[in-house]
Every structure is written in C-alpha cells, then in structure tokens.
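Going down the list, the protein sequences come from chains A and B.
Following the working numbering, the numbering of the first sequence begins with 1 at its first residue and continues without gaps.
Following the working numbering, the numbering of the second sequence begins with 1001 at its first residue and continues without gaps.
I should point out that these hints are in silico values taken from the structure, not numbers from a laboratory.
As the structure is a computational prediction, the values presented were derived from the model and not from experiment.
Where hints are given, some of them may not hold.
As the list claims (entries may be wrong) - Taking CB as the label site, the calculated pair distances span:
# : chain 1 : residue 1 : chain 2 : residue 2 : range
1 : A       : 4         : B       : 1447      : 27 to 35 Å
2 : B       : 1065      : A       : 24        : 13 to 21 Å
3 : B       : 1238      : A       : 42        : 29 to 37 Å
4 : A       : 35        : B       : 1122      : 38 to 46 Å
5 : B       : 1577      : A       : 4         : 34 to 42 Å
To be verified - If you want the ones that stay clear, here's a sample from chain A, every Cβ over 12 Å from chain B, calculated:
# : residue
6 : 14
7 : 60
8 : 74
Claimed, not checked - For lysine-lysine, the following DSBU-like pairs were computed, each having C-alpha atoms within a straight-line distance of at most 35 Å:
#  : chain 1 : residue 1 : chain 2 : residue 2
9  : A       : 10        : B       : 1109
10 : B       : 1326      : B       : 1283
11 : A       : 52        : B       : 1283
12 : A       : 55        : B       : 1291
13 : B       : 1360      : B       : 1326
14 : B       : 1108      : A       : 74
15 : B       : 1221      : B       : 1326
For every residue, glycine included, the Cβ atom is placed at its ideal position computed from N, Cα and C.
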Amino acid sequence: MLNILKKIKKGLLWFSKKFGYVNSTIILTIVYVVFFGIYGLLKKFFGLFAKKQPKVMTMWRQFETKSETLEDLKNEF
Amino acid sequence: MEKREATGYILGISCFYHDAAACLLKDGEIIAAASEERFTRVKHDENFPEKAMQFCLDFAGIKQQDLDYVCFYEKPILKFERLLETYIKVWPRGLMSYLSAMRMWLSKKLWINNIFREKMKDYKGDILYVPHHLSHAAAAYYKSGFDDAAVVTLDAVGEWSTTTIGRGVGNKLKIDKEMIFPDSLGLFYSAFTYYLGFKVNSAEYKVMGLAPYGKPIYVDKIKELIEIFEDGSFKLDMDYFAYEYDLVMINEKKFKEHFGYATRKDDEQLEQFHKDVAASLQKVTEEIVLKIVDYAHGLYKTENLCLSGGVALNCVANGRIIRESKFKHLFIFPEAGDAGGAVGCALYLYHHVLGNEDNKKLKNVYVGPAFRNEDIRKFLNENEVKYGEYNGEELHKVVAGKLADNRVIGLFQGRMEFGPRALGNRSIIADPRVKENWQRVNLKIKFRESFRPFAPTVMADHLESMFEIDRETPYMLLVAQVIVDYLPAVTHLDNSARIQSVSKEQNESYYKIIEEFYKLTGCPVIINTSFNLRGEPIVCSHEDAFKGFLRTDMDVLVLNNFVIDVTENDKEKLKERFTFEQFGKD
C-alpha cells in the first residue's frame, strides 16, 4: 500500500513539475510579448525622435554604485 | 537582543553564476577558502557553496553564530535590472534567453537573502552585498601589499560593469571609471572561444594556449567587430554578438560571412584557420589590455597596478604588462575569477567599510582542506594498497629520485590551493627535459588536447637564469621566454612558458622536492600541471587523488607521506573497489 502511495506521489510530482514548466512558459511568454513588447516598442518609437547622439570618443563612464557604509551594503541594489 | 562580542570572522560567498566559493577571514587574514566544485566534483559548480562554507567554519572551529558578517559578491537586484533593460532593448529577439533566465531568477536568484537564511539558520546578522567589480578589485588591492595602486578589473560582466578602473590608497578603495554591458572584453574573448568550438566560461585558457600555433593574420578582421579607442575603451559591433538576446554567444551567420568559416563543433579537427583566429584574438586582447592599463597609469601616476577579473588570468597579456606598461609593480589576485569574489567582498568590508588597516599582503593560497596522515594510512590499508611511508627529507629524496627516473607523479600534500592553478599541493609533476612528457601527460594522463602546453615550476633562486623575467611569479600568472634549451616539455611553440616560481617560504615541501631533483639532475625546473582529468575539478581529497591515479597512466602517487608506486600495485584489481564519476568535456 505504502509503495503504491509513494508511486502516486512520485507521479504527481513529475506531473506538477511538467505542468509548472508549461504554465511558466506561457505566463512568461505573455509577459514578454505584451508588457516588454509595449514598453520596447514605445521606447523604439520615441527613440526615432530623439536627437542623434554625437560620435563618442570613449566608452568610459563614472562608476556610481554607492558602497561606503554598512547601510549601503545591506541593499541588494 | 543581547549584543555579543565581535569575533573578527567574516564569511564571503560567491555563487549562482559559475564557480561558487566561500572564504573565511579572521581579522582580515584569509584563513580558509575553497571552491564548491572541489567538494561536489561538479566542475564550475554554481550552487550555494554549502560544503565550502562548512569546510571554512570547521577549519576555524566556529559555528555560523560566531560570524560577525556574511557578504555576497554582487548586488543581485542591479543585475536583474540589467537583464530586464536588455530584454526590452532586444525585444522580440530575446524570448528564448529571457525564458531561460527568468526561470532561474524568479525561482532562485531573486531570493538570495531567503536562500542565505535557509542555509545559514544560525546566523542572525545582516547579509551584505558588495558590487561585483568592487569585490574583484578588493581581492586584488587588499592582498597586494601596496599602499597606493591603480586597480583594474577586466571581466565578463557583473551587475552592469564589464571593466573598471579605480584606485586604492591605504585602506580605501574607490572605483572611478567603468565600461558597461554589452561592451565587455571578457564576453568578447568568450564569444571567440565559442566560435572556435570551446566551452564558454571554462575553456578560454585553451584559446590562449592555441594562439602560438597560429599567425595573427585576422587582426584587421577582428578589429572590424570592435572599435578600440585611444584610452583602451571599446565598442563592440553587436550585429555580430548574440549574448544579449540568445543562448549562444555569437550571430553565427554573420561570423561565417565575415570570417568565411562556420562555428567549429567541439569534436571537429582544429584547422590552421582556428589557430590563426586564436592568435589574432590574443593580439587584439593584449592591445586593449595594454591601452587600458596605460590609461589607468595616466589617471593615477602610481607605480603599482592591481589586476583582477577573469581576463586577468590571461597570463600572456600579463607578461606584456610587466614588460611594456609604465607600471613597475604588478599584483594579480591568484583567483582572479568569480570564486575570488568571495574573498574580495569580505576584504572590502573589512578594510574599506570597517576601516581596518592590517593584513594587506597575501601570504599564499594554500588555504583549502588538508587531510591527516592517519586517515590516509587507514584508507590505503583498507583498500590493500602497497605503499612506502617516508618522512621529511627522505620523502623529498624519494620523490625527486622517481622524477629523475622519468616517472610521472601525482603529488598530493598539505592544504589545497585556492584558485584555478595547482601550485604543488594538488599537482601532477614530471621531468621537463623529456620532450615526450608533453604528449604523455596530455594524452595518457589528463586525456586532454595534445596542443595544450605545460607550466614549469622553478626554484625561485634559479628563476632569472632559466627565464626572461625579473620578478617572482608564485601564482603561475605570468608568461615569459625560456632562456635555456633543455626544457622541451614546458617550452611552448613561441619559446614561452607560464611560470610558477617557488620559494622555501611559500611551499617548503614542494621546494625541497625540486631542490633534490636539481641535485640529481642539475635542472631546477619540473613540469607542474593540475591534478585532475579532463572535465574534472582538481582533486580535493586523498580519495579523489587515488581514483585519479587508478584511472590514468600515472606512475607514482604521493599522498602526504605515503608513496604508492604503480609497479607494486595491480591497478586493475584496485579499480574494482571503487566507483568512478563520469566527467563531461571541459
């Protein structure tokens, strides 16, 4: 009896893992296509009207992440 | 809550990308550090380094609640921000990469704080997050012994930064300049590693080893993919690179059109074309690195340079820095890659944030686990292995004698090294005067590509008479020309070698073995390569080492004071007692 229950549990776990994988793929794809898409398209659209950047002569920029104190380091950002 | 006394212990952790590691500082001193892969036997293991952490705590004889602080080597939310912005930028091409990344981030990487709490239930303090490149920079600067230095990090990518320039003065370290994703020298090198059919984030050093076989005839073609400015900064032509939006590194169609060859599959023959591309890539990389360090020198006008990040393991470029740059002194943290971030974040906290000044010189990297003679004896007896037991000088003489008899030896002694190089405690050693040893060790012992060169270890007092180099190189991070003509097994095609110098202070036992070999042969140099098979992490325990001995054509195995000779044992019979892990390609 215990063996059968174990097998059922194993099967359910296998199924839920696969089901979760399919579900997450659908949800993540919708998020990407809809939300990222709208934002991405808007960005590209307004980018067309932006002033053309002059040709750069360096790719160096100032490093700005603040990490001076214990409080700064507590942030994950 | 009752306030407890500070213990001086800081734990640094790196994980969830590749090469997870843990490091324990006691009053700023690295007392224990190790990569997780050595314990789990999974190469480049990225998971939370539970075993490495436990080793560190056990070594110090402390528990989680005794830690003052726990640090993580990057800021995860900033990294997540970079991913989201990138996926918006490349929409809709990034769907597959996005799906793969988001699963990982939503299930694990966004919950790092929770994972730490779960794995470290007895630690009640804060988890502290140090930016990725600051962790790299700190590992190099705070163990350099310099009081004033320019600090350059060259890596693939952290949060946003890919390359940084900063300065350390006293106990303060500040990064001033950065280049950001996607313009990355590390990713640029990795992209070509992929194109040449090698594994990304793993086999970049093979491309460096392949370069001397080729001619740099594709430099101009490569430079069409990267605009290099006078100050060493650069801009990649992202039409050719796919790592922003795809699961592969390059736009294979564009690369094929540009170079005329498709991406090499890992089982395909290496053609002259691949060697020429490797040579050209190496040349372009060196040019960029030299320009960046010159720019850093111009900014700070100091004599000292600290280098860190994965690209700092390019020892050919490092050799050119010491010969051609304006810096007089160079320090590279031996574990310059991501595992070293575990050390760096802890050091940054200890020195910069907490304001401590002491312990600024790296003593050595033998900070991993060691195994007791009693345990090894028990293991050998239980498995009916025939061995000799020797102490002190006698051991050094026996090992040197076998080396001089052209036996290939697995050398396992003392504490394991931290970092990608085996420096005499988890090494395979052989006689460098015998040319055949190059192929023999490559093909029959390590089962790896025949083109890959071997590094020499030289007694520090003989360094300058054997190699064209004016400074010690204890961590095998510099390449120089070989002066003498009797070291064919460690002299690469371009007459260069990646050198480890060893002094009595750094590793007495290893030094004495070479000294005895020198007395017997007049040669103060031996071959030193890491003790592992292809695709396998370097051995950690005596059992790992013994299994390696059984699986290969190695003649002799030294486990601390015990010498096991293949001629006295039946390897096939011994093999029946063990199960062997299967390792993938490296």
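Here is how each hint holds up against the structure:
Distance hint check: the CB atoms of residue 4 of chain A and residue 1447 of chain B are about 46 Å apart, inconsistent with the given range 27 to 35 Å. At roughly 37 Å, the beta-carbon separation of residue 1065 of chain B and residue 24 of chain A lies outside the given 13 to 21 Å, and the hint is violated. Take residue 1238 of chain B and residue 42 of chain A: their Cβ atoms lie about 21 Å apart, and the range 29 to 37 Å is violated. The hinted window of 38 to 46 Å between residue 35 of chain A and residue 1122 of chain B holds, with their beta carbons roughly 41 Å apart.
The hint said 34 to 42 Å for the Cβ distance between residue 1577 of chain B and residue 4 of chain A, and at roughly 38 Å that hint holds. No beta-carbon of chain B is positioned within 12 Å of the beta-carbon of residue 14 of chain A; the least distance is around 18 Å. With a least beta-carbon separation of about 4 Å from chain B, residue 60 of chain A fails to lie farther than 12 Å from that chain, contradicting its non-interface assignment. With a closest Cβ-Cβ approach of about 5 Å to chain B, residue 74 of chain A is found to fall inside the 12 Å limit, against its non-interface label.
Between the alpha carbons of residue 10 of chain A and residue 1109 of chain B the distance comes to roughly 27 Å, so the proposed pair stays at or under 35 Å and holds. Of the pairs offered as hints, the one joining residue 1326 of chain B and residue 1283 of chain B holds, with about 19 Å between alpha carbons and a cut-off of 35 Å not exceeded. Using a Cα cut-off of 35 Å, the hinted pair residue 52 of chain A and residue 1283 of chain B holds, with the two alpha carbons roughly 34 Å apart. A distance of roughly 20 Å separates the Cα atoms of residue 55 of chain A and residue 1291 of chain B; the hinted pair therefore holds under the 35 Å criterion.
Among the hinted pairs, residue 1360 of chain B with residue 1326 of chain B is consistent with the structure: their alpha-carbon atoms are about 24 Å apart, no more than 35 Å. With a C-alpha separation of about 19 Å, the suggested pair residue 1108 of chain B and residue 74 of chain A falls inside the 35 Å cut-off, and the hint holds. Note on residue 1221 of chain B and residue 1326 of chain B: the hinted pairing holds, with a Cα-Cα distance of about 29 Å set against a maximum of 35 Å.
When held up to the earlier numbered hints, the structure conflicts with 1, 2, 3, 7 and 8 and fits the remainder.
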